[in-house]
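Asks: Spelled out, the chains give:
4 protein chains.
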Amino acid sequence: MEKEIEIIVPFYDLDPMHVVWHGNYVKYMERGRCALLADCSMTYENMEKHGYAFPVVTMRVKYVKPAMFGQKIIVRTVHVPDENFLIFKYEILDAATRSKLCVAETKQMAIDIKTHESCFQLPEPFLTTFGGTK
Amino acid sequence: MEKEIEIIVPFYDLDPMHVVWHGNYVKYMERGRCALLADCSMTYENMEKHGYAFPVVTMRVKYVKPAMFGQKIIVRTVHVPDENFLIFKYEILDAATRSKLCVAETKQMAIDIKTHESCFQLPEPFLTTFGGTK
Amino acid sequence: MEKEIEIIVPFYDLDPMHVVWHGNYVKYMERGRCALLADCSMTYENMEKHGYAFPVVTMRVKYVKPAMFGQKIIVRTVHVPDENFLIFKYEILDAATRSKLCVAETKQMAIDIKTHESCFQLPEPFLTTFGGTK
Amino acid sequence: MEKEIEIIVPFYDLDPMHVVWHGNYVKYMERGRCALLADCSMTYENMEKHGYAFPVVTMRVKYVKPAMFGQKIIVRTVHVPDENFLIFKYEILDAATRSKLCVAETKQMAIDIKTHESCFQLPEPFLTTFGGTK
Numbered sequence: 001m002e003k004e005i006e007i008i009v010p011f012y013d014l015d016p017m018h019v020v021w022h023g024n025y026v027k028y029m030e031r032g033r034c035a036l037l038a039d040c041s042m043t044y045e046n047m048e049k050h051g052y053a054f055p056v057v058t059m060r061v062k063y064v065k066p067a068m069f070g071q072k073i074i075v076r077t078v079h080v081p082d083e084n085f086l087i088f089k090y091e092i093l094d095a096a097t098r099s100k101l102c103v104a105e106t107k108q109m110a111i112d113i114k115t116h117e118s119c120f121q122l123p124e125p126f127l128t129t130f131g132g133t134k
Numbered sequence: 001m002e003k004e005i006e007i008i009v010p011f012y013d014l015d016p017m018h019v020v021w022h023g024n025y026v027k028y029m030e031r032g033r034c035a036l037l038a039d040c041s042m043t044y045e046n047m048e049k050h051g052y053a054f055p056v057v058t059m060r061v062k063y064v065k066p067a068m069f070g071q072k073i074i075v076r077t078v079h080v081p082d083e084n085f086l087i088f089k090y091e092i093l094d095a096a097t098r099s100k101l102c103v104a105e106t107k108q109m110a111i112d113i114k115t116h117e118s119c120f121q122l123p124e125p126f127l128t129t130f131g132g133t134k
Numbered sequence: 001m002e003k004e005i006e007i008i009v010p011f012y013d014l015d016p017m018h019v020v021w022h023g024n025y026v027k028y029m030e031r032g033r034c035a036l037l038a039d040c041s042m043t044y045e046n047m048e049k050h051g052y053a054f055p056v057v058t059m060r061v062k063y064v065k066p067a068m069f070g071q072k073i074i075v076r077t078v079h080v081p082d083e084n085f086l087i088f089k090y091e092i093l094d095a096a097t098r099s100k101l102c103v104a105e106t107k108q109m110a111i112d113i114k115t116h117e118s119c120f121q122l123p124e125p126f127l128t129t130f131g132g133t134k
Numbered sequence: 001m002e003k004e005i006e007i008i009v010p011f012y013d014l015d016p017m018h019v020v021w022h023g024n025y026v027k028y029m030e031r032g033r034c035a036l037l038a039d040c041s042m043t044y045e046n047m048e049k050h051g052y053a054f055p056v057v058t059m060r061v062k063y064v065k066p067a068m069f070g071q072k073i074i075v076r077t078v079h080v081p082d083e084n085f086l087i088f089k090y091e092i093l094d095a096a097t098r099s100k101l102c103v104a105e106t107k108q109m110a111i112d113i114k115t116h117e118s119c120f121q122l123p124e125p126f127l128t129t130f131g132g133t134k
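Residue numbers (the numbering used here), protein chains in the order written: chain A, 1 to 134; chain B, 1 to 134; chain C, 1 to 134; chain D, 1 to 134.
A couple of the hints might just be wrong.
Intra- or inter-copy, both count: the list cannot distinguish identical chains.
[As the list claims (entries may be wrong)] Below, in silico cross-link-like pairs of lysine-lysine (DSSO-like), each with a Cα-Cα straight-line distance of 27 Å or less:
id: 1; residue 1: K65; residue 2: K114
id: 2; residue 1: K62; residue 2: K89
id: 3; residue 1: K114; residue 2: K100
id: 4; residue 1: K72; residue 2: K49
id: 5; residue 1: K62; residue 2: K72
No lab work stands behind these hints, which were simulated from the structure alone.
Build the full structure now, drawing on both the sequences and the hints.
Replies: Now the structure itself:
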């Protein structure tokens, strides 16, 4: 599963160096991930209805080239099948040239909303959707 | 009731003009308000326990002078007694000179969390605490 | 001059009440304003080339109904002709029903970037573009 | 070199799960880093005076336990001597119990502000301050 969304860099995301402040890419990644999850009917609301939340447990980001005000950028989110975690890889690209601005990865763990217990394997129906094809 | 808190302007709040982005003052105002509310045991959690939320219904901000990176600023929050709304006035000042950077006002309305109904008068115990002295 | 843009409410803009945190509407307003300004070739970069910045000097916001996660909203930005300030009015609407979520107004003043002096009248070419029809 | 700062978790940093949104820890890390840098007279302004900017090139974050509204947290920032990069490690701790909420690492590279060229070794005076002792 993968998904591309386009974002136009807003003014309020810039820092005094006239580039996107590095922490704001985390927002772009979340927008990409939520768009992919919506495509497979796994919005946060649906996850909650199944009784689980999926907090991010690790995040790695590599910054390649800065994004500028008004620039059209693509967030390409790719799901990585895994039985234990919800794993996504991200590429943030310039929309015109598709040159890489940023690459990243996040890992999310299922938490039972009632008991607050962590799940070391994805519970159903998440295992079927995200667990890969053995 | 009034309260002063000190904030050191963080880098991530700046915009490309090297000053605090105007929308970020809303965060400073909320920090001032929450500090004042905590002093009178009216944290958001306590409000929720009493069954009410207090969304902001109007906000006015006047920007006088920009705040810069690393600047020590004071948020002075003053409660304005009122029977219908939770009203606060704010002054954001340079800590060293107390010169004015920003003045603002917010109005919050009580909402019954269960019924989602708006309260056109402050419910108890908020009326006693915030309603003024007549 | 007016302009409508569509925004899908992102997760990271929500607060614990499951609605958009009130300060985040300021970002939506800026995106609407920048889209309108781009349409008349008055991006912030162009303003800077003419030697002026336009900090927001006053802002008023009225919150009518909360916006939710994933909701499609419209920011309708309308320029109000004025010789002294850059004035915009905003309506934030539900995209499906066009019911009002938020109305707002901002006023921006021209500042000479070199001298840091405020302009009590819009300088050219801004006066011609934004000053109205007399 | 190391530095501890205290932060009280503000309401606007929370997400609908009533915990700090994962992207906001990046702000806490920056506040810790800037406090440490100020202690050794290496604020961003001073870096700029020397002709260099230090964009973050990689960031890794591991989330251990969520931070809540009003919680007092400590950001412990430790400089890791290195000749090529400005490297910091972070621990975000509950202030009362010092239990770990989050650990992270960032790497920053020197960029010559005039030429926009990356420096594969720290330039002076940064090499002396941050390069370690051999």
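Asks: Classify it for me, K114 with K100: is the Cα-Cα distance of at most 27 Å met within a copy, between copies, both or neither?
Replies: Result: close only across copies, 23 Å inter versus 41 Å intra.
Asks: Within a copy, between copies, both or neither: which one fits K65 and K114 at a CA-CA cutoff of 27 Å?
Replies: between (42 Å within a copy, 17 Å between copies)
Asks: Is it within, between, both, or neither for K62 and K89, if the alpha carbons may be no more than 27 Å apart?
Replies: both (11 Å within a copy, 16 Å between copies)
Asks: Is it within, between, both, or neither for K62 and K72, if the alpha carbons may be no more than 27 Å apart?
Replies: within (19 Å within a copy, 30 Å between copies)
Asks: Have a look at K72 and K49 and pick one of within, between, both or neither, based on CA distance no larger than 27 Å.
Replies: between (35 Å within a copy, 22 Å between copies)
Of the numbered hints stated above, none is contradicted by the structure.
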